[in-house]
Amino acid sequence: MSHHTHFSRRRFLQAMLAGAALAPGLAVFGAGFNRLRGDRVGWARLKTPHPWWRRHATADPILTRFFRDETTLNIDPIWYVADADNLSELCRYPLLFSQGVGAIVGETGRSNIAEYIRRGGFILVDACHDSGVTPDFDEFLRQQFAFYSMVLPEAKIVPLPPTHDVYRCHFEMPNPRPLHTYMAGIYDAKKEAHGLYGVMIGSRMAGIIGVCGWQCGWDHVEYPGVQPAGTDVLCMRMVVNIYIYAMMQGA
Amino acid sequence: MTHIEWQFGGWLHDWPTPAATTLIVTLGVAGMIYVVWFYRRAPGELTPRARRWLVGLRAAVVLLLLLCLANPERVEKTEPPKKPSHTLTVLVDRSASMSTPDHRGGTRLAAAGRRWKQAEPAAKQYFSSINYRRFANDMQSASSLDDAVNTGAPGSETHLFAALRQTLAENPAAVVCLTDGLDTTVDDAAKFSAEAVARGVPIYFVPGENHLLPGASLELREVKAPARVLRQTQFTATAVIETVVAQDQEQPVELWVNGKKTASTRLTARAGHNTLSWPVTVDSGEPGALTLEFRAGDQLASCVADVVESKTMEVLYYQGALQWGYRFLRGALESDPSFRLTAILNPALQVQLTAANNAALADLPEDATELRRFQIVVLAHVFADQLTPRQQQALVDYVRGGGGVLFISPDSQATEGFSGTALEQMLPVVFATRNDPANAAVQQMQFQLSVNAAQSGDEMLAGGSQAITLKPFARPAGAPHSPANNLFATNSEALPQFAANAKVRAAKPGAETLAVSGEGAPDVLLARQRFGNGFAAALTTDLLWRWKLSLPSNSHAVEKFWQQLLLSLAPASGEGLCVVKLTPSAAMNTPVLFSANTENAPVFEAVSPGGTRQRMTVSDASTADHPAWVAGFAPTTTGRWEVCATDAAGRQARVAFPVGQKPVSAELLNLPADVAGMKQLAESTGGALVQDAADFQMPMETKARPPMKTPEPLWNSGGLLVVMLGLYATELIARRRWKLL
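So the protein lines, in turn, are chains A and B.
Take 1 as the starting number for the first sequence in the working numbering and just add one per residue.
Take 1 as the starting number for the second sequence in the working numbering and just add one per residue.
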């Protein structure tokens, strides 16, 4: 057998594909995407007394990679912890992701959250769709609303209309309603009925509350079939939109 | 005229061309030998035709690779102006000063004519033809020297530089000018001198001198101050003085604010006609009317500025990279309703937000007039290739016209891209370039930060802990007190803190460094400078959002910092009430005109030296851009007169000026000929001062100046890379087809 016969059709196609994949990279030689990135920022989860506060956190690098691939945001691939009882830790991050602030019952934690928001911080609350983590979505929302009305009396909770910029500021969402994920893929009309709620201080948005289970979406990328194909990407797109919207509002 | 040539770039640029060529040719030959050898040994049955095709394809790829290695550059050479003709142009100054006789009856024109007649025979030998022109207020052709000297009446002004400029444009071999060297217009001698040197045409002056006793004049032409200024800020008031003096001297000028002397200086006037400008920085103080009175000699002119508590400021914010600074800057500005923010995000960021107002712009305008409705333009984390040359030029024109630009970037890689751009020329700092050691250290640190971002196994489960040290601003050592220093209060909380900063090589001379880093060798963090009528500033840190998050929510230090910073860069609005004397020299029984810049008709009053008041009739002379009211009167006596304009609000501006028996003009002041100025200008162009025939020499050939080169790399285009890949892919397909793979 001659030497060249070891170069199989498969390897030939691989070489061609590699060349094709390389072409755009060479074409934009010296003009990398990274050039357009701003100063680096970290992605952090709010640590609360809730036993599941870090649920799906190990999948957050999937989200941060998505951020880096799809936007020019200079976001750190590491996920960080911001303890509600440590104000200086909270204030290292302009946006915090949380499984829910209703579990913060200590005075220090509550006043820290209020102070963080008053300084200009933004909190994105999204409930995990697992019934072991969030047994009742209505009750979950009530807890969040009660928390804000108590610790941040100047804030108002308002439902976000379908025309809101969070549905189109970076990615045009196909259906101007928040995408929901469901435990084991079983549809829940009661959960679906909830849209997104904005935490408003005057005209500025200080946070968003939802029960959509986006984190479950981007964490389940290895289990296709449970969620419709593309759910993970749509979940991450929605978070990207909210993140960018938060950046563009006055603090 | 330009022509194109090629040169090696990159690492071959510094090699001698033969050595670089030898290397490239050697590599090329070696590559060709390898390619031929490779396909000669190729297994399989290849027809000669197929072999030639494959060799050709591979050779093309190798040659293109060598082309990239050679890094050829297209060099555009701009040649110096073409060789002049062999025509001599003789200019004869026919202004009144050249024709005024002294006590012996001799005129400067006659004296210069005599000198030139001695040199003229030599000139006729050197030049194929001689053209004659006469000039005063304008220039006209003459058939001969006698025609130029004798035809027509003397002119009332000397447009010397304009006549020379017009003559040089015709590109003669040399110019001879019979003059006393006194340009009585506002033309700039230094500017013309630079133009004449660039032309490379020798100018010979034949000085006209006589024995007239010299006179002098002084005119406080104009004073300017903004109509409204914010309390506790600084603004600039300017006086423009026209003076004609027989010899170099200093002219004392004073500024009195609300009846108190606050500044004085001595302006240097050269022999001849001078237009002198004196800009003075004034502290606005507390709200109220501020009367600014400039005094020079026996003249006085005042204007009024209103100091106000607040005013609306339109801010245009342009962002080049996604970052959190905008949220916090916007919050800081929106806490004061007098700030109105319009944001533009670079289209590459792919962010679309519903505009809060109809004033939204899709991109940064390429025309400065579209920027004029904003007082400040903030460029936040912008990259050089995001701004077109026209956008950059628009920003430069905008600032030159009185706007303010604040450039913010913490990223050395971004700022180095602006090195040498029009934008950097406007900014108060010179950015470090890629090869600066200081910048290299920062980039190394940034690189390490980015590669250290990988998460360890423990962090993946437990989460990381971000450690960011905020560093405080520091005031530069020995910085003089100014209201700009109020950006930073004395307590540490109010000192801005930043996480990262870009390196600058230096602040420019004349720039005001407002903040530096506090540790080690201080980096310039914040600097500003006047540019034209506006301000340009550079903040080389992030947008300080981490500082905002680190402060208690009841602290307003961040808001105060941003608002004060923008206010310190904002242009002054309009012009304050002032009176301008339109008639240069006031004489008895001759109408003297004045104008005032109020919206509604002011009351004009003339006050005689004896104190008699006389109300003047006012007429509207407003244009689309500027309100203006004109009034006039004829003084009935000599002495110091005063004219006051009072607006509807009761504010009053005035001018005081002397009235003589006859009007005085620079032409008739008997100023001595500016022999030194003529000699300097002549010698700078390769000419000479012709005082006798021997002074006139054959002009030397213009020394060949090297052409200006503009290199532009040619290889790093996407097209070339696509061609290379295409050739390579074609070769792979061909190899596959001919069973070599």
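Source of the hints: derived by calculation from the structure; they are not laboratory data.
Here a beta-carbon is modelled for each residue, glycine too, at the ideal position from N, C-alpha and C.
Warning: the hint list may mix true and false statements.
Derived contacts from chain A toward chain B, CB cut-off under 10 Å, selection only [as the list claims (entries may be wrong)]:
id, residue
1, Arg204
2, Gln249
3, Gly250
Q: Of all the hints given earlier, name the ones this structure violates by number, lowest first.
A: none
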